[in-house]
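Participant: Residues per chain, in single letters:
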Amino acid sequence: MSSYRIALIVLVLACGGCATTVPLPQVQLVGKAFQDLNSASAPLLDDLSIAERARGIKNADTLARLHPADNAAQPTPLDPCPKISQVKAEGVAVQNGFCIEHSQYYSELTDPPATAAFRSALAAVEGYTNVLLILAEGRNLEAAQAQVQGLVANVGSLVDIAKPGVGTALAGLSAALKPVLDIAAKSANSKELARIVKTGAPDAQRVIKELRDAAPEMFTTLTERSLSTLNSLKAPPSAETAKAEAARINAYRVAVSNYVVLLGQYQQLLDQLVDSYDSEGKVITLNGLLQRSTELSAQADAWRRTYSALRMGL
Amino acid sequence: MATIDQARGEIKAAIATLRRRHGSTADAAEKATIADAVQELDDQLSLLNQAALLEVANSVAAATTTLEKAVGAARLGPFDGYLAALEGHLTKLNKLAGKVHDTDSLESAVVKPAKRSTKSRKRGRKKAADEQLESLTPGLLTSTVFADLAAEYQDCFDRCEINPAFNDNVTFYLNRIRRGKPNYQLVEQALGVPWLFVGIIHGMECGFNFAGHMHNGDPLTARTVQVPKGFPKTGTPPFTWLESALDALRLKKFDQERDWSIPHMLYLLEGYNGFGYRRRGLPSPYLWSFSNIYSKGKFVKDGKFDPEAVSKQCGAGLMLKRMQGG
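Protein chains in written order, with the numbering used here: chain B, 1 to 314; chain S, 1 to 326.
FYI, nobody ran anything at the bench for these hints, they're computed from the structure.
A portion of the hints provided could be inaccurate.
Stretch by stretch, here's where chain S covers chain B in the computed footprint (C-beta under 8 angstroms, at least three residues) [said to hold, decoys possible]:
{"id": "1", "segment": "33-44"}
{"id": "2", "segment": "239-253"}
In silico lysine-lysine, DSS-like type, Cα no more than 25 angstroms apart, as pairs [to be verified]:
{"id": "3", "chain 1": "S", "residue 1": "K312", "chain 2": "S", "residue 2": "K301"}
{"id": "4", "chain 1": "B", "residue 1": "K83", "chain 2": "B", "residue 2": "K58"}
{"id": "5", "chain 1": "S", "residue 1": "K304", "chain 2": "B", "residue 2": "K209"}
{"id": "6", "chain 1": "B", "residue 1": "K88", "chain 2": "B", "residue 2": "K209"}
{"id": "7", "chain 1": "B", "residue 1": "K234", "chain 2": "S", "residue 2": "K12"}
{"id": "8", "chain 1": "B", "residue 1": "K243", "chain 2": "S", "residue 2": "K253"}
{"id": "9", "chain 1": "S", "residue 1": "K253", "chain 2": "S", "residue 2": "K233"}
{"id": "10", "chain 1": "S", "residue 1": "K252", "chain 2": "S", "residue 2": "K229"}
{"id": "11", "chain 1": "B", "residue 1": "K191", "chain 2": "S", "residue 2": "K304"}
{"id": "12", "chain 1": "B", "residue 1": "K243", "chain 2": "S", "residue 2": "K252"}
{"id": "13", "chain 1": "S", "residue 1": "K296", "chain 2": "S", "residue 2": "K312"}
{"id": "14", "chain 1": "B", "residue 1": "K58", "chain 2": "B", "residue 2": "K234"}
{"id": "15", "chain 1": "S", "residue 1": "K312", "chain 2": "B", "residue 2": "K234"}
{"id": "16", "chain 1": "S", "residue 1": "K229", "chain 2": "S", "residue 2": "K304"}
{"id": "17", "chain 1": "S", "residue 1": "K301", "chain 2": "S", "residue 2": "K181"}
{"id": "18", "chain 1": "S", "residue 1": "K252", "chain 2": "S", "residue 2": "K233"}
{"id": "19", "chain 1": "B", "residue 1": "K198", "chain 2": "B", "residue 2": "K186"}
{"id": "20", "chain 1": "S", "residue 1": "K12", "chain 2": "S", "residue 2": "K31"}
{"id": "21", "chain 1": "S", "residue 1": "K12", "chain 2": "B", "residue 2": "K58"}
{"id": "22", "chain 1": "B", "residue 1": "K198", "chain 2": "S", "residue 2": "K304"}
{"id": "23", "chain 1": "S", "residue 1": "K181", "chain 2": "S", "residue 2": "K252"}
{"id": "24", "chain 1": "B", "residue 1": "K186", "chain 2": "S", "residue 2": "K304"}
{"id": "25", "chain 1": "S", "residue 1": "K229", "chain 2": "S", "residue 2": "K296"}
{"id": "26", "chain 1": "S", "residue 1": "K31", "chain 2": "S", "residue 2": "K69"}
{"id": "27", "chain 1": "S", "residue 1": "K296", "chain 2": "S", "residue 2": "K181"}
{"id": "28", "chain 1": "B", "residue 1": "K234", "chain 2": "B", "residue 2": "K209"}
Glycine is no exception: its CB is placed at the ideal position from the N, C-alpha and C atoms.
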């Protein structure tokens, strides 16, 4: 168990059963949940990127092969370049044109479209989680304070040059304002945190739900080549190959399942954070959150082990 | 998605049927045909899988866009509500102090033109600028034509020395110009107006306040409300300082100037404040205050001239000379 995790648990236990104005421990648990989700998702999305790209290239060839040579067909979303067909010579087939829409599969500069969308979604959830953390931990206050204090100092020095002696009277302005700014800034942070939790959480939850709903298609993409190998009658797999492909499919089933579970855990922690604001005046316990967090970490560890085995072809 | 799912379901069922037939038939030709058909169906399935993945990805992307907007709307600067008001007070203090001239700024020295006939008014501004001012006292040339004044500007510039009593004050102005140089250079890049000229105008007219319009120092959060009112005419508030500066300098047609020699810059600067001092044969404090060229006399409110009043604002010509190493 990492020292970070121990510190977090100590922090949570220390605050267990207590109500807080700014629910810092809850927010930190949500932040940690995202870290677990994100670090575990990255290798799965890497694999998805490879699988989606390979399928896109294969399908571009399939479409070109199926296109009639008379160039009569009209573009559709599923078949954006119907005028491209195949040229065959000496047993070699090649597409006779360039399809811009397919370049997102051929290019290795970025992820193919669906993988890119999933990564962007996780980045948006990360952005949201970071905003919660920044507000709860007050990481934005120091810069803001410096800005105001700089403004105050500037006023003092300028006035002193213009009207000697007057600046001295303003010298105490900075010190006098500091406690006012401290309280006001923290209060502003607390209010903004409450607002962003209440208004932003439904959007974050929707992204999580869409990612969960996309999981079956992720699985289909990740396993399509293995299933195709198993289905092939033209080049039937050997017993050893069939066994390996079946193992691969089952391993991806576990990996995607873990991904779904981690998404769900994050969502539940976010739900509990929202509940903590809805239960104004009630005592908020963190014991449930802590349990969730521990489960989440265990799931993330399990996924990493599963994934490691998958990568090694076990 | 439902259509794609139905199609995929049928294709999978067809593949299963063909595989069963493949297993039961003894006809080699039929087996080969079935194998080709399964391959074709598998390719079709792959196309549908690709379409299905893109469809769910689109749903994810739509949800992502909404979340990104929510995150983008988060206020991480704790200056909402009364903190914003507090910041506003400080900004105004800054502006007042920076200007130095809540009471010290130089009033306009624009000479009211004599009444002219409609016909002569139509001759336009250029003609008016060529007029000779009626001299009230001997001293500097009263012409407002640059060709007449160029040598005089150069002479004043060469003779100009800082009054040692104002060393600190002048240093303050120069430091503010240097600090603002990156912003002034952006203006130079856009309009071709030398950054030093921009900085001097900014100091003379706005007290180096980057939170206010270059036109008159009004807040950038809205169009100007004082004279000149309603600027910038285009764009949507709040404006950036750069947007405002470009608009203000274009309004003065500085973007159309090509002669940025010292005498011509001095001519433009004096014209910015007005040629009223020339009518009295006096050097303009707008150019020469805090230097040996100027001692006293300035326009106070309502266009009245007070011969004993002394400008407390650093002259633009002196700033120009010091910034050029003089």
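Participant: Each hint: holds or not?
Facilitator: Okay, the hints, checked on the actual structure:
1. 33-44: violated (count 0)
2. 239-253: violated (count 0)
3. S:K312 <-> S:K301: OK: S:K312 and S:K301 at ~15 angstroms, within 25 angstroms.
4. B:K83 <-> B:K58: 17 angstroms, holds
5. S:K304 <-> B:K209: 74 angstroms, violated
6. B:K88 <-> B:K209: Violated, at roughly 46 angstroms.
7. B:K234 <-> S:K12: Satisfied, since the Cα-Cα distance of roughly 17 angstroms is no more than 25 angstroms.
8. B:K243 <-> S:K253: 81 angstroms, violated
9. S:K253 <-> S:K233: 15 angstroms, holds
10. S:K252 <-> S:K229: At roughly 14 angstroms apart (the allowed maximum being 25 angstroms), S:K229 and S:K252 satisfy the hint.
11. B:K191 <-> S:K304: 54 angstroms, violated
12. B:K243 <-> S:K252: 81 angstroms, violated
13. S:K296 <-> S:K312: 10 angstroms, holds
14. B:K58 <-> B:K234: Holds, at roughly 17 angstroms.
15. S:K312 <-> B:K234: Roughly 96 angstroms between the alpha carbons, so the hint for S:K312 and B:K234 is violated.
16. S:K229 <-> S:K304: With a Cα-Cα distance of about 24 angstroms, the restraint between S:K229 and S:K304 holds, given a limit of 25 angstroms.
17. S:K301 <-> S:K181: At roughly 32 angstroms apart (the allowed maximum being 25 angstroms), S:K181 and S:K301 break the hint.
18. S:K252 <-> S:K233: Within the cut-off at roughly 14 angstroms; holds.
19. B:K198 <-> B:K186: Roughly 18 angstroms separates the two Cα atoms, so the pair holds.
20. S:K12 <-> S:K31: 18 angstroms, holds
21. S:K12 <-> B:K58: Answer holds: S:K12 to B:K58 is near 19 angstroms, not above 25 angstroms.
22. B:K198 <-> S:K304: Status violated; Cα separation ~61 angstroms.
23. S:K181 <-> S:K252: 21 angstroms, holds
24. B:K186 <-> S:K304: 52 angstroms, violated
25. S:K229 <-> S:K296: 32 angstroms, violated
26. S:K31 <-> S:K69: Violated: S:K31 and S:K69 sit about 57 angstroms apart, past 25 angstroms.
27. S:K296 <-> S:K181: 31 angstroms, violated
28. B:K234 <-> B:K209: Cα-Cα ~40 angstroms, so violated.
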